[in-house]
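S.K.: For chain D, the structure is supplied; the task is to place chain S on it using the hints.
Line order of the protein sequences matches chains D and S.
Here the numbering used here is used: position 36 in the first sequence is 36, and no number is missing along the way.
Every number in the numbering used here is 115 more than the matching position in the second sequence, counting from 1.
Among these hints, one or two may not hold up.
Just so you have them, the derived chain D footprint on chain S, three or more residues with Cβ under 8 Å [stated by the list, open to error]:
no., segment
1, 129-138
2, 159-166
3, 192-204
4, 211-219
Subject to a maximum C-alpha distance of 16 Å in a straight line, what follows is the list of computed EDC-like cross-link-like pairs (lysine to aspartate or glutamate) [stated by the list, open to error]:
no., chain 1, residue 1, chain 2, residue 2
5, S, Lys209, D, Asp30
6, S, Lys194, S, Asp154
7, S, Lys209, D, Glu58
8, S, Lys157, D, Asp38
9, D, Lys40, S, Glu217
To be clear, the hints were calculated from the coordinates, so they are not data collected in a lab.
The model shown is predicted, which means the values in this text are computed figures rather than measured ones.
By construction, the Cβ of each residue, glycine as well, lies at the ideal position given by its N, Cα and C atoms.
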Amino acid sequence: DTAVSQTPKYLVTQMGNDKSIKCEQNLGHDTMYWYKQDSKKFLKIMFSYNNKELIINETVPNRFSPKSPDKAHLNLHINSLELGDSAVYFCASSHLSSLGDGGYTFGSGTRLTVV
Amino acid sequence: RKEVEQDPGPFNVPEGATVAFNCTYSNSASQSFFWYRQDCRKEPKLLMSVYSSGNEDGRFTAQLNRASQYISLLIRDSKLSDSATYLCVANPGKLIFGQGTELSVKP
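Excised from the complex, chain D in its bound form:
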């Protein structure tokens, strides 16, 4: 039973399209995150939600819009996709109060390729 699951696993799409990535966690965590890992393997935080409330919003183009319908789900919608958006997007979850103890649980990633 997967703890943090993302769909789709792979996504190939044309420039200018709009796409969504979904994430669900069944760990009972109260906080969820989106990270982007680029071609240089640098893993950079994009957004974080705690109990459906946005708590971290890094410098990300406003074409990226996260949505958290409940604390077990965090989706990422991307408008007008660009070539530079090609990357692996990881969802993660944690208990905010125990972040100092054990870090995050990551999903298996969504490999986005914009052509």
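M.R.: Showing chain S alone in chain D's frame:
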């Protein structure tokens, strides 16, 4: 300057070797620290936390020097299965990842 900096490697070592990775962080407000491991085309997974007094988990030893803002990971008796990218992580309220150090252990 990146918030967490690591030597990207790759480190190519023979089985049985001892290898050390170093990392520096810039945010002195960082409260906790971790090493994560990431296998090729997989998600990062927590390897171990890093405590001020230094800590050991089997063949792995992690150390933290808050004054120098420096973190290290020592792997003894390297195994083929240790081949992966090792990510240094600092927590100033959110997890900030280094670029990762690639390790390749050869027979």
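S.K.: Would you mind marking each hint as holding or not holding in the structure?
M.R.: Against the structure, the hints:
1. 129-138: violated (count 0)
2. 159-166: holds (count 4)
3. 192-204: holds (count 3)
4. 211-219: Our answer is that it holds, as 4 residues pass the Cβ test (under 8 Å) against chain D, meeting three.
5. S/Lys209 <-> D/Asp30: 14 Å, holds
6. S/Lys194 <-> S/Asp154: 14 Å, holds
7. S/Lys209 <-> D/Glu58: Roughly 11 Å between the alpha carbons, so the hint for S/Lys209 and D/Glu58 holds.
8. S/Lys157 <-> D/Asp38: Satisfied, since the Cα-Cα distance of roughly 14 Å is no more than 16 Å.
9. D/Lys40 <-> S/Glu217: Holds - the C-alpha atoms of S/Glu217 and D/Lys40 are around 12 Å apart, at most 16 Å.
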